[in-house]
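There are 2 protein chains.
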Amino acid sequence: MEQRTEIADLGEFGLIEHLTKNAEIQNASTILGVGDDAAVIDHFGKQTVVTTDLLLEGIHFDLMYTPLKHLGYKAVVVNLSDIYAMNAIPTQITMSIGISNRFSVEALNEFYEGVYFACEKYGVDLIGGDTSSSLKGFVISVTAIGEVAPDQFVKRSTARKGDLICVSGDVGGAYLGLTLMEREKKIYQENPNIQPDLEDESYIVGKLLKPEARKDIIEFFASNQIVPTAMMDVSDGISSEVLHICKQSNLGARVYEEKLPIADASRKAAFKFGLDPTVCALNGGEDYELIFTIAQEDHDKIVLNEEISVIGYITDLEEGVKLLTKGGNQYDLKAQGWNAFNS
Amino acid sequence: MEQRTEIADLGEFGLIEHLTKNAEIQNASTILGVGDDAAVIDHFGKQTVVTTDLLLEGIHFDLMYTPLKHLGYKAVVVNLSDIYAMNAIPTQITMSIGISNRFSVEALNEFYEGVYFACEKYGVDLIGGDTSSSLKGFVISVTAIGEVAPDQFVKRSTARKGDLICVSGDVGGAYLGLTLMEREKKIYQENPNIQPDLEDESYIVGKLLKPEARKDIIEFFASNQIVPTAMMDVSDGISSEVLHICKQSNLGARVYEEKLPIADASRKAAFKFGLDPTVCALNGGEDYELIFTIAQEDHDKIVLNEEISVIGYITDLEEGVKLLTKGGNQYDLKAQGWNAFNS
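If you read the protein sequences in the order shown, they are chains A and B. Residue numbers -1 to 341, in the numbering used here, belong to the letters of the first sequence in order. Residue numbers -1 to 341, in the numbering used here, belong to the letters of the second sequence in order.
Please note that a few of the clues may not be correct.
Put simply, identical chains are the same to the list, so a pair is met inside one copy or across any two.
Cut-off 20 Å, straight-line C-alpha distance, at most; resulting in silico cross-link-like pairs (DMTMM-like, lysine to aspartate or glutamate) [as the list claims (entries may be wrong)]:
#, residue 1, residue 2
1, 184, 197
2, 320, 296
3, 332, 10
4, 245, 4
Note that these hints are calculated values from the structure, not bench results.
Next comes chain A alone, as it looks inside the complex:
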């Protein structure tokens, strides 16, 4: 029988001690970690970058098909992605959770296994947090802290006319993974005897449940003397992010449908579900790729990196934000992405 330890048996302080006892410090900048009123960081003349995300059960994740270990991993990674999107290196996180007593200590152990796995993989330290009971639903709040050499951070608002618009990896996969899981959930709810076979779909399921932050791209920039003119991460979909960069930079853009990087597995899944792969790529969220603009003269520096696709370029404000389809038509790019307040 699986062991079940009640959280109340440990108490609040016992639980915090239990969950953080394996927190190993990897960064010299972490002066003081878990266990006091606050943590202390020394970034030695670098600038500190801070981001925070709230993840709520039923809104951002469904525990019916999200293993707790994956959830812990993803909760960390989505925050690190925001730090990389500033051209910075994440160094520390805080993790706060609110949990109802339907969770056992063993379940939390699984969640924290994922948290520590992500911390180790990305070289960040867990330096604090808050642990509370919740009346209903699992509440996760992560703050990530990073460092960047003075004024080397990259904003969204600094794209320039003529810049190339680039995207890392491929997009649309996480949305297709979500579509698959929601379908399987419905089938299971109608007939619990049908077990889903997800083996063929491991790519899109992985993109949804275990996304990675593009540390490699930031390292590639550093070792190739590339400083993007503007950058952000793809959490709400390419359309939404291009519109953000254009709005904040006060410019327009032209995006080519045929240039959108879509994985074969995503394309196949889209056809299977009767969806247009382009729509998934433009409007599907949660890919956690990086979208950035670079000067045209930097094109040679990125052309050999197969993880980077040029999808268009920046234009004048008056030209609007346009999608050029494979058929030669031109449409206004619209953000139809995930909107938490309408869903």
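Place chain B on chain A using the hints.
Below, chain B alone, put in the same frame as chain A:
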């Protein structure tokens, strides 16, 4: 008629823009605030101090008797208190909220009025956050960031034998305020026509609903060359905090009942409710005072500050953590404070 604007009318990005448009930057260290993937801070050779707190409706606050403006103020202040408890100065906060659609934009405006009021009063910048819908209940997550001169931060674990244990202000008031509000809530639920008269109880109600962080004490330390040997803020009650300092410092303590600072208004309220003021002072939480230890030779430096009371001293580990009562009895000090997982 009061105006009610639906959050969905603004959309997620519109809401964030609306709520943060008045965010004024007060700290030179805030290089980049709200509106990008992350914020950027430059602490110019100082160490960065980070703390975070999760506040959940039904666990940490009851909207039946907590005005949203006060809640916004308190959500900020309780985090700043943790920064001061490190002997540091808070400089920035991030604020994440999860809200159900029973909240209108006007209600959120009130909440943020309190947030900005606290930011202004304590000189901190709101630099980021996350805004999400929640299925149920109001979720608040705040991260506060501060700065301290290298290695001048004060931990809990560094008290020394013979040190004096000191407390700022007075304690027990917030617990009595909570007791009062819970009683009034019950009366109201039984008979909605009875309106509570809280005027006589403004002190304890204020301690509960609008606590202050002890910025003044940290400034007093700085201008009088005092560095406490250990310090933390009083969020779970004096008993719990003395035990934390002793456990982490591997020492014992002796606390004198007659030295506990209890306001007249708190004492009166305790008697009215048939409670022992000492028990309220020891075990009532949420006072957000500072508890700290100082070397005996520093006694002269604090003796004229009426906002600081010496309540006991640090002993050897073997002597345990003891309470000496007014009647001359000696008991083990026990933490009976608020425990989120048993309540």
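Worksheet entry | Hint numbers contradicted by this structure | 2, 4
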